[in-house]
Amino acid sequence: DTMKGECEVARKKAEVAEGERETMSVELDITNKQLEVLRGRGEVDQKQVQRMKTEVEVAKQVAEQEKSDMDQQLKNARAKSAELADELQKCLERIRTMDADAEEQSKKLTGLSIDLRDERDRRREERKGAERE
Numbered sequence: 001d002t003m004k005g006e007c008e009v010a011r012k013k014a015e016v017a018e019g020e021r022e023t024m025s026v027e028l029d030i031t032n033k034q035l036e037v038l039r040g041r042g043e044v045d046q047k048q049v050q051r052m053k054t055e056v057e058v059a060k061q062v063a064e065q066e067k068s069d070m071d072q073q074l075k076n077a078r079a080k081s082a083e084l085a086d087e088l089q090k091c092l093e094r095i096r097t098m099d100a101d102a103e104e105q106s107k108k109l110t111g112l113s114i115d116l117r118d119e120r121d122r123r124r125e126e127r128k129g130a131e132r133e
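Per UniProt numbering, the sequence shown starts with residue 1, numbered consecutively.
No lab work stands behind these hints: they were computed from the structure. Source: prediction; values computed, not measured. A couple of the hints might just be wrong.
To be verified - Once the Cα atoms are required to be at most 25 Å apart in a straight line, the calculated DSS-like pairs of lysine-lysine come out as:
{"#": "1", "residue 1": "Lys75", "residue 2": "Lys60"}
{"#": "2", "residue 1": "Lys90", "residue 2": "Lys75"}
{"#": "3", "residue 1": "Lys47", "residue 2": "Lys60"}
{"#": "4", "residue 1": "Lys33", "residue 2": "Lys47"}
{"#": "5", "residue 1": "Lys67", "residue 2": "Lys80"}
{"#": "6", "residue 1": "Lys80", "residue 2": "Lys90"}
{"#": "7", "residue 1": "Lys53", "residue 2": "Lys67"}
Work out the full structure: start from the sequences and follow the hints.
In structure tokens:
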């Protein structure tokens with residue numbers, strides 16, 4: 001009887017152990033699935049990180065190209081500015097020359113005007129003198 005009881009207890013313990021083993025097996029499967037999910041998330045995270053790195057690299061290249069373009073535009077603008085400043089200087093020099101020429105012409109015209117007035121006055125005097133005679 002005792003032996004039968006012990007066998008029954010041993011059998012029950014074996015059933016419990018089998019249930020625990022099955023439970024552990026299920027828990028292990030769950031843990032493995034969770035691990036797979038985490039690995040999948042890790043791969044997704046790595047892909048996102050790589051995509052972001054690529055986007056940053058592209059943005060950096062675009063910014064460098066824009067800076068290069070702006071530097072070239074600035075260089076061109078400076079060259080054009082220097083060219084215009086030189087042209088302005090030439091124009092100012094021509095204006096000064098024209099101004100000096102106009103001043104010279106004005107002096108000549110003033111001299112001629114005085115000469116004409118003097119000649120007119122002299123002729124008037126000659127006419128008056130001729131009329132008196």
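*Is Lys80 close enough to Lys90, meaning Cα to Cα at most 25 Å?*
The hint holds at about 15 Å.
*Would the pair Lys53 and Lys67 pass a check requiring their Cα atoms to be no farther apart than 25 Å?*
Status holds; Cα separation ~21 Å.
*25 Å Cα cutoff - pair Lys75, Lys60*: Holds: Lys75 and Lys60 sit about 22 Å apart, inside 25 Å.
*Does Lys33 pair with Lys47 here, judged by a C-alpha cut-off of 25 Å?*
holds, 21 Å
*Are the Cα atoms of Lys90 and Lys75 separated by 25 Å or less?*
With a Cα-Cα distance of about 23 Å, the restraint between Lys90 and Lys75 holds, given a limit of 25 Å.
*Does Lys60 lie within 25 Å of Lys47 when you go C-alpha to C-alpha?*
Holds, because 20 Å separates the two Cα atoms, which is no more than 25 Å.
*Starting from Lys67, check that the Cα of Lys80 is at most 25 Å away, please.*
With a Cα-Cα distance of about 20 Å, the restraint between Lys67 and Lys80 holds, given a limit of 25 Å.
Of the numbered hints listed earlier, not one is contradicted by the structure.
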